Amino acid sequence: MSAKAGAVDDQPPLGDAAPHIEQGANAIHPLDTPIWNSLHGGWASLAQGDAQAIRLDRDHGPFAATAHGLPTEMTALAPLLPPGDELWLLGRDALAAPPPGMQVVRTAMLAQMVADRPVKIGGSGPDWQELGEADAPDMLDLALLTRPGPFRARTHRLGRFIGVREQGRLIAMAGERMRMPGFAEISGVCTHPDHRGQGLAGHLMRRIAGHMQDRGETPFLHAYASHDRTIALYRSLGFAVRAQLPMAVLSKA
1 MSAKAGAVDD
11 QPPLGDAAPH
21 IEQGANAIHP
31 LDTPIWNSLH
41 GGWASLAQGD
51 AQAIRLDRDH
61 GPFAATAHGL
71 PTEMTALAPL
81 LPPGDELWLL
91 GRDALAAPPP
101 GMQVVRTAML
111 AQMVADRPVK
121 IGGSGPDWQE
131 LGEADAPDML
141 DLALLTRPGP
151 FRARTHRLGR
161 FIGVREQGRL
171 IAMAGERMRM
181 PGFAEISGVC
191 THPDHRGQGL
201 AGHLMRRIAG
211 HMQDRGETPF
221 LHAYASHDRT
231 IALYRSLGFA
241 VRAQLPMAVL
251 SKA
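No gaps in the numbering here: position 199 of the sequence shown is 199 in the UniProt record's numbering, and each next residue is one more.
These aren't lab readings, by the way, just hints derived from the structure by calculation. These numbers were taken from a predicted model, which means no experiment stands behind them. Any given hint could be a false lead.
Have a look at the derived ranges for each label pair, beta carbon to beta carbon [stated by the list, open to error]: (1) 83 to 226: 27 to 33 Å; (2) 195 to 83: 34 to 40 Å; (3) 169 to 51: 44 to 50 Å; (4) 122 to 168: 36 to 42 Å.
Where a beta carbon is used, it is the ideal one built from N, C-alpha and C, also for glycine.
Start from the sequences, fold in the hints, and give me the full structure.
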């Protein structure tokens, strides 16, 4: 099955929806290939693979990328996918046909958003705290409950995470994931269902984004393109859509 041929969550076919992505060797912008650039940037010490195909250590996440999305490079992904695991691809890799022995099990269109202006942290807000190794089990539990995206046992080690606790229970968090020179991704944003509607996620995102900008990095994030309310929230925080990127999830056939 080719990811390029199918429709995505009631969106147009992927091949028609992302004309800004080059199919050659040169990407238009570093954020058009964020996984590849992160695996050669902030994730380099956790990267596994070769010059054709590369993935993040599976305990940290399922993300993988190829150099140019070519068929031979897609074939090089196969040894990086153990039984029972998945590989998540973005951009041109998501448009390529899966190699023999692998199949596309999920596709979606993502809105990639950036905050290229200073993010206002605002005034008073909930008490928050830095999250670390001692918080890892609670972070994983909250992520598995709310499903903000791929979150595994060591995802919390990919960057800074902060959160809000109430009576000892972690009820909201936000953190960092992809990172490359000049850019850092906000991810892992989630709030316990019992505590939504209080602005916790927005407050934590502002803190994380402000910290990135203090480091001289442009914050970016990904949201499902069909989730209008989520995108509206991110716009209110100072983010703007720069591109739509196709996503594909591969597993063993």
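Each hint, compared with the structure:
1. 83 to 226: 27 to 33 Å: holds, 31 Å
2. 195 to 83: 34 to 40 Å: Since the Cβ atoms of residue 195 and residue 83 sit about 38 Å apart, the hinted range of 34 to 40 Å holds.
3. 169 to 51: 44 to 50 Å: holds, 46 Å
4. 122 to 168: 36 to 42 Å: Taking Cβ atoms as reference, residue 122 and residue 168 lie about 26 Å apart, which means the hint is violated.
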